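Trainee: Residue numbers (the numbering used here), protein chains in the order written: chain A, 1 to 114; chain B, 115 to 350.
Since the hints were made in silico from the structure, they are not lab data.
Note that the structure is a prediction, hence the values are computed from the model and not measured.
Errors might be hidden in some of the hints.
To be verified - So the derived label-pair ranges between C-beta atoms look like this:
(1) A:V46 with B:F164: 12 to 22 Å
(2) B:S121 with A:F30: 19 to 29 Å
(3) B:L138 with A:F30: 49 to 59 Å
(4) A:P85 with B:S121: 36 to 46 Å
(5) B:A268 with A:L28: 15 to 25 Å
(6) A:L28 with B:E318: 49 to 59 Å
(7) A:L28 with B:E195: 25 to 35 Å
(8) B:P136 with A:A42: 25 to 35 Å
(9) A:H16 with B:K269: 26 to 36 Å
(10) B:F142 with A:P85: 18 to 28 Å
(11) A:L92 with B:P136: 12 to 22 Å
(12) B:D192 with A:P85: 30 to 40 Å
(13) A:L83 with B:V206: 16 to 26 Å
The C-beta atom is built at its ideal place from N, Cα and C for all residues, glycine as well.
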Amino acid sequence: MAQESAPSTHVEHHEHPPINTYLRVWGLLFVLSAILYFSDIAEMNVMLKRFLATAFSLVKAGTIMAYFMHVKFERLSLILAILLPPLLLLALAGILAAEGQYIFGLRELFAEGP
Amino acid sequence: MDRETQSEAMEQRERQGNLLPPRLRELFHDLIVDRRMFQVSWGKAMMWLFLVGDAFVFGSFLIGYLAARITTTAEWPDTGEVFALHVFGADVPLILIAIMTFILISSSGTMAIAVNYAYKRDRVKTALFVALTALIGGTFLLMQAFEWTALIFAKEVVPWNSPMGADQFGASFFMLTGFHGLHVTAGVIYLAIVASQAGRGVYERTGNYERVEIAGLYWHFVDLVWVFIFNFFYLW
């Protein structure tokens, strides 16, 4: 009975976006990459460039996952199982960034070379 | 409890369930009901499992690069200069990497089209576009081989030494792009096999074109990783 009340549980259920959607996503990825490349050549403010690059990269990664990898058309349980665990990496990055600053300070104080 | 009250209770539960937004209802349903959780085929679920694991490996490499770059006191080389190419009588910074990026995005596009034709069970076009994707992937590999050769022999960057700045540059570069290149190599072989199977009508006989879609997941993931390497290594 629970199964019947659930929203469509059929295994073979798929939504296929038309081929135009893929071409549009392709175009978007091209344009974003081109903007990133030219923002790197034009010597703009480094922090602004990094912020732009990261924001655009996240948009690129998001569209690749959502449309090319079909994540948008999957069920929420699969989406969460895919997207949540890798967020742990942010914790590792944060810890190593903080520790890295400390090691950098030590090296500047006491060591020569790399 | 007689039949009527039972159905009434069921209806009431039904109504309570409807109070939740549809996506949450769907999520709770999938988590609570005692049966397999993911409504996809095993092949697809296992590919996703592999990709999540691979995301951790690539993520750890990128974070290792972050740590090496933060801790070094030597100056980090300017990637624009290191990967400049001499064309039309001038040094164009980072041009090879930009072309490689566009090539990889294009291969992702042709792969998406191949998957689209696989849904339509079009044997010839599926095989053709998967083969085209493998071919473009091969081009990417050739350019990477050229990039590595130029870096090792002309600019004398090796994993333990780089003349234009911090030595950690070489280590990070060969680690990140090497592991990514390995994935592209494996992907080209994988896609070649899928293209040959699709072309020979293996999927048409079994009536199941899902292997094309699963191969597509892998290939798009390789493109996805390149997005982050491009941003954090080449552009940063």
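Trainee: Now, for every hint given, state plainly whether the structure supports it.
Mentor: Structure-based check of each hint:
1. In this structure the supplied range 12 to 22 Å is violated for V46 (chain A) paired with F164 (chain B), their Cβ-Cβ distance being about 37 Å.
2. Between S121 (chain B) and F30 (chain A) the beta carbons are some 57 Å apart, a value that contradicts the proposed interval 19 to 29 Å.
3. With their beta carbons about 37 Å apart, L138 (chain B) and F30 (chain A) fall outside the hinted range of 49 to 59 Å.
4. Checked against the hint of 36 to 46 Å, the pair P85 (chain A) and S121 (chain B) passes, with Cβ atoms roughly 42 Å apart.
5. Our hint of 15 to 25 Å for A268 (chain B) and L28 (chain A) is violated, since their Cβ atoms are close to 36 Å apart.
6. At about 33 Å, the beta-carbon gap between L28 (chain A) and E318 (chain B) misses the expected band of 49 to 59 Å.
7. Checked against the given bound of 25 to 35 Å, the beta carbons of L28 (chain A) and E195 (chain B), roughly 30 Å apart, stay inside it.
8. Roughly 46 Å separates the CB atoms of P136 (chain B) and A42 (chain A), a value that falls outside the hinted 25 to 35 Å.
9. As the Cβ distance of H16 (chain A) to K269 (chain B) is approximately 47 Å, the hint placing it in 26 to 36 Å is violated.
10. Distance hint check: the CB atoms of F142 (chain B) and P85 (chain A) are about 20 Å apart, consistent with the given range 18 to 28 Å.
11. Against the hinted window of 12 to 22 Å, the Cβ-Cβ separation of L92 (chain A) and P136 (chain B) comes to about 35 Å, which falls outside the hint.
12. In this structure, D192 (chain B) and P85 (chain A) meet the distance hint of 30 to 40 Å, their C-beta atoms being roughly 35 Å apart.
13. Under the hint 16 to 26 Å, the C-beta atoms of L83 (chain A) and V206 (chain B), about 37 Å apart, miss the expected range.
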